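2 protein chains.
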Amino acid sequence: MADPLVQSGKRKREEESESTQTPGPRGDKAAVGNGTAASTSFPFSGFRLQKVLKESSRDKIIFLHGKVNETSGDGDGDDAVVILEKTPFQVDQVAQLLLGSPELQLQFSNDIYSTYNLFPPRPLSDVKTTVVYPATEKHLQKYLRQDLHLIRETGEDYKNITLPYLDSQSLSIQWVYNILDKKAEADRIVFENPDHSDGFVLIPDLKWNQKQLDDLYLIAICHRRGIKSLRELTGEHLPLLRNILQEGQEAIQQRYQVREDRLRVYLHYQPSYYHLHVHFTALGFEAPGSGVERAHLLADVIENLEYDPQYYQKRTLTFALRADEPLLKLFQEAKKN
Amino acid sequence: MADPLVQSGKRKREEESESTQTPGPRGDKAAVGNGTAASTSFPFSGFRLQKVLKESSRDKIIFLHGKVNETSGDGDGDDAVVILEKTPFQVDQVAQLLLGSPELQLQFSNDIYSTYNLFPPRPLSDVKTTVVYPATEKHLQKYLRQDLHLIRETGEDYKNITLPYLDSQSLSIQWVYNILDKKAEADRIVFENPDHSDGFVLIPDLKWNQKQLDDLYLIAICHRRGIKSLRELTGEHLPLLRNILQEGQEAIQQRYQVREDRLRVYLHYQPSYYHLHVHFTALGFEAPGSGVERAHLLADVIENLEYDPQYYQKRTLTFALRADEPLLKLFQEAKKN
Chain A
1 MADPLVQSGK
11 RKREEESEST
21 QTPGPRGDKA
31 AVGNGTAAST
41 SFPFSGFRLQ
51 KVLKESSRDK
61 IIFLHGKVNE
71 TSGDGDGDDA
81 VVILEKTPFQ
91 VDQVAQLLLG
101 SPELQLQFSN
111 DIYSTYNLFP
121 PRPLSDVKTT
131 VVYPATEKHL
141 QKYLRQDLHL
151 IRETGEDYKN
161 ITLPYLDSQS
171 LSIQWVYNIL
181 DKKAEADRIV
191 FENPDHSDGF
201 VLIPDLKWNQ
211 KQLDDLYLIA
221 ICHRRGIKSL
231 RELTGEHLPL
241 LRNILQEGQE
251 AIQQRYQVRE
261 DRLRVYLHYQ
271 PSYYHLHVHF
281 TALGFEAPGS
291 GVERAHLLAD
301 VIENLEYDPQ
311 YYQKRTLTFA
321 LRADEPLLKL
331 FQEAKKN
Chain B
1 MADPLVQSGK
11 RKREEESEST
21 QTPGPRGDKA
31 AVGNGTAAST
41 SFPFSGFRLQ
51 KVLKESSRDK
61 IIFLHGKVNE
71 TSGDGDGDDA
81 VVILEKTPFQ
91 VDQVAQLLLG
101 SPELQLQFSN
111 DIYSTYNLFP
121 PRPLSDVKTT
131 VVYPATEKHL
141 QKYLRQDLHL
151 IRETGEDYKN
161 ITLPYLDSQS
171 LSIQWVYNIL
181 DKKAEADRIV
191 FENPDHSDGF
201 VLIPDLKWNQ
211 KQLDDLYLIA
221 ICHRRGIKSL
231 RELTGEHLPL
241 LRNILQEGQE
251 AIQQRYQVRE
261 DRLRVYLHYQ
271 PSYYHLHVHF
281 TALGFEAPGS
291 GVERAHLLAD
301 VIENLEYDPQ
311 YYQKRTLTFA
321 LRADEPLLKL
331 FQEAKKN
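Protein sequences, first through last, are from chains A and B. Here UniProt numbering is used: the first residue of the first sequence is 1, the next is one more, and so on. Here UniProt numbering is used: the first residue of the second sequence is 1, the next is one more, and so on.
Bound-form chain A, shown alone:
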C-alpha cells in the first residue's frame, strides 16, 4: 500500500490520494492541539541496522531497515523501517535562539566569514521520525533506493515495446473519470472548460497543501478521453493544448495572483497515469518530475506540433526508469536482439 506518512519522493497520484485519507495531517494537528507531549518509546525492542535503504544529504533524511525484537520470542526477530528527517527551521524559534547566546564550536574563521557547529536547545533539535513496524518485504522494496536508467524511446520503440506493455497493464484511471464527472473532488476544482473535445478541469495537486504559494502545484486534466500521453499528441490536439496553457494560466492568476511568467507548465513523459494531463508548478519550486529527463514544457510542445503535426510520433523521447520497472527489462531485451 502507499505510505501515508512519508511526504518525500512520492510520485503516483494513487499514493497521494491514499495519503490524504490517512489521519496523518489531522493526527499531527491533534497531537499539537491537545499537546501529546508524553514521552514514549518505539513499538519494538532493539534495532540492529540491516541496511540504509535510502538517504539524502540534501534533504537530511535517511531510511533505515533494522531487525528488532531479536531477544524476545523466537530469536529470529522482526523487520522495521525507521525514517529520520531533520525538521525545517521555524523563524521565530531561530530568532529567539540567536538573541540568546547559543552553544557554539568554532570550525574556522576566514576574513569576514566564520563557521560554527551550533548545538540548539531541545525544541530546535527535534527529528521527524517515522516507523513502519512490522515492515513487509514490500515496504523494504518500496523504500529501497532504485537505480535509474535512461531510455531513449524512438517512435518505433513506442509502437513495439511501450504501447503493448501499457495495453497489457489495464491500469485503472477511474479516479480521473470521477473528477471529470464531478463524482469526486468537485469542490476542489479551480477552473473548468467543459468542452468535451477541447476542455479540461484544473485542480490542485494533492502534493500541494494550498497553504503557501512557494510550492504551488496544480494539474489540468483534459475532458477528452483516450489520449494516453505526450507521445500520442498531434496537430489536431492544438486547440486543447492552447486552451489548457492560456486558460490555465489565467485561472491561476485570478485565483492565486501568480502571473504566467512565474509558472512552469509542462507534461511528464512517461506520465504516472495515462490520461493526458498538464502540470502547473511555481517556477521557484523544484518540483519532483520537473527535470529535463521527464518534463516537457507545454509551450514547446505546442510549438513543436505547429512546426510538425507528427513531431511526437517521429521523435526520440528520453525518460528514466527505475531498475525494478518491467518496462526497463523489455527495452533491455529488445536492444539485445
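Please keep in mind that the hints were generated in silico from the structure rather than gathered at the bench. A few of these clues could be false.
Any copy will do: because identical chains look the same in the list, a pair fits if it lies in one copy or spans two.
Said to hold, decoys possible - Cross-link-like lysine-lysine pairs, in silico, DSBU-like; alpha carbons within 30 Å at most: (1) K51 - K211; (2) K335 - K183; (3) K128 - K211; (4) K128 - K314; (5) K314 - K336; (6) K128 - K54; (7) K183 - K207.
As the structure is a prediction and not an experimental result, all values here were calculated from the model.
Given chain A's structure and the hints, the job is docking chain B onto it.
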C-alpha cells in the same frame, strides 16, 4: 565576492573557483583533526532579526539578516548574515542512537505506521552555522531570494535583445582558455580530444568533490572558440556534439564505471558563461540547473540539428531570469513597445 562557505545554490564557476581556494574544507578537517571543541561565541553582540533573506524547508536551511552591536558604539548597529543549515545524518551515529532508547514524543499512530518527534543527543543535533560579519549591502543582495521570471526568447529576440546585451558585457572567460591551454587545472583533466575544431576537454565540475558517485558532475568544454551557447549551434557543429556525447560517455564509464544510461548529458540555456560546454551529471542526482526550464539534453539537441540544421536559430527558447538581472528588464521593456 563569492561566498567561500555556503555550498548551496551556487551557480557561477567564478564563485566555485574562489570557493575551492578558501580554507573552507581544509579548515573543517583541521578543526576536526586537532579537535577544536572549545566553546565560543559569535563575533558580535545581540542579533535583531531584520529579514529572512532565503529559506528552504526541503534543504533545512535558512539565511537571516540581523542588526548586531546595537548597544555598543553608535546605537546604529552593524549588519550580519547568519546562515543555519541542519546537518545530514551519519549512519553510525544514527545506528547507535536507535540501539539505545532515544527520547520520543508520539505524534500519532495508524495501523503499522507511527510518527514521533525524536530529540537526539547533542552530537546528532548540531547545526552548521555560517556567519558573515560585517555584512555589506552586496552580501544582503547576494543572499536575498530573488523571484524568477520565465522568458520565451524567439530567434528574433535573441538577435535584438539577448545578443546585443551579451556583447555589451565583455564577460571574461580567461579561466576557460586557461583550462584549454593547460595553464590551469591540467592535472584535473579526465579526457581530451585535442582536435581544434571538434575536440574538447572533460573535467570534473568544481561542485563535485569526486568522493562519491551519487553527485557525479563533469563538464565538457569544447576547444573551438566563439560558440556562445546552444542558440548558436547549427548542423556544422554536429561532429563536435557527437564527439562530446560519445567520447564523454566512454571516458566517464572508463574512469568512474558509470554507464551512459546512468548519465544526464545536457547544455544550459542560458549558460552561466558563454563558451560552449556540456554538463554530465549522475541521473540520480537532481543537479541544480537540470530542470526543464534550463537544461537541454545533448541527444535531443543533436537530433533537432539533424532534423533542421537551423533549429536553434528559429525556435523559441525558454529560460528563467532572476528579478535583479538586467536582461529581464530589457525583455520587459521590449515587450511593452
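Results for each hint:
Proximity of K51 to K211 under the C-alpha cut-off of 30 Å is restricted to the inter-copy arrangement: shortest distance 21 Å between copies versus 36 Å within a copy. Taking identical chains as interchangeable, the C-alpha atoms of K335 and K183 are never at most 30 Å apart, the minima being 44 Å within one chain and 44 Å between chains. Proximity of K128 and K211 under a CA criterion of 30 Å is satisfied in both settings, with 20 Å inside one chain copy and 29 Å between copies. For the homomeric pair K128 and K314, neither the shortest alpha-carbon distance inside one copy (48 Å) nor that between copies (51 Å) is at most 30 Å.
In this assembly of identical chains, the alpha carbons of K314 and K336 lie at most 30 Å apart only when taken from the same copy (23 Å versus 38 Å across copies). In this homomeric assembly, K128 and K54 come within 30 Å of each other (Cα to Cα) both inside a single copy, at 16 Å, and across copies, at 23 Å. Proximity of K183 to K207 under the C-alpha cut-off of 30 Å is restricted to the intra-copy arrangement: shortest distance 21 Å within a copy versus 50 Å between copies.
In summary, the numbered hints that this structure violates are 2 and 4.
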